[in-house]
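Protein chains in written order, with the working numbering: chain A, 89 to 488; chain B, 89 to 488.
No lab work stands behind these hints, which were simulated from the structure alone.
It is possible that some hints are incorrect.
Chain copies aren't distinguished; within one or between two, either way the pair holds.
Simulated crosslink set (DMTMM-like; lysine to aspartate or glutamate; CA at most 25 Å straight-line) [stated by the list, open to error]:
1. K106 - D178
2. K241 - E313
3. K142 - D130
4. K251 - D199
5. K341 - D284
Read off the chains here:
Protein chains: 2
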Amino acid sequence: MTAISERCADMQASPIRKLVPLANAAKTRGTSVYHLNIGQPDIPTPEGYWKALKESLPEVLAYGPSQGLLVLREAISTYYSRAGIDIDTDEIIITTGGSEAVYFAFMTTCDVGDEVICFEPFYTNYNGFATMAGINLVPVTTVAENGFHLPSKSEIESKITEKTKAILICTPNNPTGTVLSPEELSTLSDIVQKNDLFLLSDEVYRDFVFDGGSHLSTLELPDIEDRVIVMDSISKRFSSCGARLGNMISRNKTIMEAALKLGQARLCPPTVAQYGAAWIYHHLSEDYYENIRTTYQNRRDLLINELSDVEGIFFLKPEGAFYATIKLPVKDADAFASWMLTDFQLNGETTMVAPAAGFYATPGLGLDLIRIAFVLSDDKMRKALNILKNGIKTYLETVQ
Amino acid sequence: MTAISERCADMQASPIRKLVPLANAAKTRGTSVYHLNIGQPDIPTPEGYWKALKESLPEVLAYGPSQGLLVLREAISTYYSRAGIDIDTDEIIITTGGSEAVYFAFMTTCDVGDEVICFEPFYTNYNGFATMAGINLVPVTTVAENGFHLPSKSEIESKITEKTKAILICTPNNPTGTVLSPEELSTLSDIVQKNDLFLLSDEVYRDFVFDGGSHLSTLELPDIEDRVIVMDSISKRFSSCGARLGNMISRNKTIMEAALKLGQARLCPPTVAQYGAAWIYHHLSEDYYENIRTTYQNRRDLLINELSDVEGIFFLKPEGAFYATIKLPVKDADAFASWMLTDFQLNGETTMVAPAAGFYATPGLGLDLIRIAFVLSDDKMRKALNILKNGIKTYLETVQ
Chain A
89 MTAISERCAD MQASPIRKLV PLANAAKTRG TSVYHLNIGQ PDIPTPEGYW
139 KALKESLPEV LAYGPSQGLL VLREAISTYY SRAGIDIDTD EIIITTGGSE
189 AVYFAFMTTC DVGDEVICFE PFYTNYNGFA TMAGINLVPV TTVAENGFHL
239 PSKSEIESKI TEKTKAILIC TPNNPTGTVL SPEELSTLSD IVQKNDLFLL
289 SDEVYRDFVF DGGSHLSTLE LPDIEDRVIV MDSISKRFSS CGARLGNMIS
339 RNKTIMEAAL KLGQARLCPP TVAQYGAAWI YHHLSEDYYE NIRTTYQNRR
389 DLLINELSDV EGIFFLKPEG AFYATIKLPV KDADAFASWM LTDFQLNGET
439 TMVAPAAGFY ATPGLGLDLI RIAFVLSDDK MRKALNILKN GIKTYLETVQ
Chain B
89 MTAISERCAD MQASPIRKLV PLANAAKTRG TSVYHLNIGQ PDIPTPEGYW
139 KALKESLPEV LAYGPSQGLL VLREAISTYY SRAGIDIDTD EIIITTGGSE
189 AVYFAFMTTC DVGDEVICFE PFYTNYNGFA TMAGINLVPV TTVAENGFHL
239 PSKSEIESKI TEKTKAILIC TPNNPTGTVL SPEELSTLSD IVQKNDLFLL
289 SDEVYRDFVF DGGSHLSTLE LPDIEDRVIV MDSISKRFSS CGARLGNMIS
339 RNKTIMEAAL KLGQARLCPP TVAQYGAAWI YHHLSEDYYE NIRTTYQNRR
389 DLLINELSDV EGIFFLKPEG AFYATIKLPV KDADAFASWM LTDFQLNGET
439 TMVAPAAGFY ATPGLGLDLI RIAFVLSDDK MRKALNILKN GIKTYLETVQ
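The following block holds chain A by itself, in its conformation from the complex (with noise of 0.2 Å):
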């Protein structure tokens, strides 16, 4: 029989998803299981979000224009001139989530077997992406002591060869928590410059920064306007992870032309959600953006009241978005994970969370770190986090 392609086969299993299997038996076996694991918030999606979509349905469901709805892209324009960023309806093509983004950046930006130097742990996805495209990505590694802010510029500088094509960063980030400084992108800046390279910046937490702290986004950064590409979504400002709309945004009207041929091939993003998307972009107010925060906020100091106190455990405060990465007394946090999920129980209850090896370009890091996603309210955080607790201590006297 004819082989399947070595990339695919070559090809990560979601280190996110890989557990799942793990949690639908516990659930069968009649056992709840508290997801920590994956960022999808439980706060409701926007009311407002499905009143214009219900209202928007026509009476055929047609393609959109490649570029997305001129609707959608007006809106975000306005979302962002509300921030002082000036960004024109042309400067926007609406992606199928936020997913997209990050391949189209890779696919305008880079040919097969160019690297991208990114900062390790990253959002897991981003190798799925450079597979697809046939790029490598070049880690950088930040570790938990120093809040996993960046290294020195020339321990980034070091990674770079004539292969590289552009540094990728996340911020607020995923999995961290951690917020770059106006200075960490003021070297950025400098090195992309001084290297010639495309600076792609994954803002889809830009509205979760946490302590009164503002964002600062790359399209705010002087002198670097065409080496900008952002990529965003709805996903989680939003709580539409279902919807699959996201966005690139560049002032690079080359890349912007490759990234609309890249959206002609598959025609358009969903058509009706972006009517939704729409209006909450136009109409949600400044309220709802500081109690999203505010929530998000409050859970992380849960996460830091309930955990600090631990045996072994360190992580430090993260400044955004609603992750942690945290450091367990354990040796392998995959197999702890897995563990929670096949041998423990608390009262008929388990908490499910990410092992962030797989957040890691290079083997053997990460190997004592989880990711833990603060999606759930007051009460389940507490629980799931006291059931995290006892697994370990349990963990510690018993298996390992």
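We have chain A already, so just place chain B on it with the hints.
Just chain B now, with coordinates in the frame of chain A:
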């Protein structure tokens, strides 16, 4: 400034959509445009789709499973069982449009530089996905004179090299309306077995076979169960192009595992649309299919009546789908199609067609061909074709 990727710079802009700016300019001048250029059905989306979608709206618009909702995969399995084809839910992955199914089929079967044999003229967007996947489409030419049916087995086999991984077909065909016969499919089955290849089959138009004929799916071919990958979509069948829902079907477990890894990278297809799609797959009766088949067949007949007596025009009767590829008495159909938008109008109206050269991989072929999609009501079709006939006459008299 650092350059964009060569693959995107070299990528063909959609030949179906590239005349859109000219059409928009015509509309701005006050000229109405009949769109025979794009396969956007005018038939209303079934009301049950909207009803089921509205009833499914959740509190949180969450990610669904990467392989698609079970309820939709079950509905598709039931749809196939009504046609006497046994497909398990595990043999189906829901994709973001038929587009993504094409991309997944290329990615799972081919590595960079591999070759897929296809029959030109072919659906032009295959080019985009071939570029994305880094593969080469190797064309075998079919001709208008025999209704674009397959050439001899030896001619097809002469294109096979060590790099060939698959043969790609589309039946009923876009852009020709050709339906491959059981004998032609049997020949292809022989070829893929003898040469150890996959058979990638785009069967998006499987419900639109005219004149009482029935569709033979590649899923029904004996002995090549492990080699067949079917790409399908709800876009045309249910007039729901904007839903962006398709599926890829294969009984080859390794292929399906590989497709799931690709699926996990992009997380999931659009969620709520899947409930609508499941409803219509389950509930639409044979009447629905009979109705739309008759509608398209009548328009096909109308096309033949209107055009077959025009001097210099040649085409055989399309056997299915809703397209005809038509030879015109012009030297450059691209220039003619543009001229229809920029220079011609009849009582303030003009007609937009798709020049067919973009459906060929071989340079210089298809220059005198256009594709017409019969996706307008009888009345509009008549008017549009009358304008086309008049346009041809004027073009021959004044331009060519």
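Going down the list of hints, with the structure as the test:
1. Taking identical chains as interchangeable, the C-alpha atoms of K106 and D178 lie at most 25 Å apart only when they sit on different chains, with a minimum of 17 Å there against 39 Å within one chain.
2. Taking identical chains as interchangeable, the C-alpha atoms of K241 and E313 lie at most 25 Å apart only when both belong to the same chain, with a minimum of 21 Å there against 55 Å between chains.
3. Taking the shortest alpha-carbon separations for K142 and D130, both the intra-copy value of 22 Å and the inter-copy value of 20 Å come in at or below 25 Å.
4. In this assembly of identical chains, K251 and D199 lie within 25 Å of each other by CA distance both inside one copy and across copies; the values are 9 Å within and 20 Å between.
5. For the homomeric pair K341 and D284, the shortest alpha-carbon distance inside one copy (17 Å) is at most 25 Å, but the shortest distance between copies (44 Å) is not.
In the structure shown, no violation is registered for any of the earlier numbered hints.
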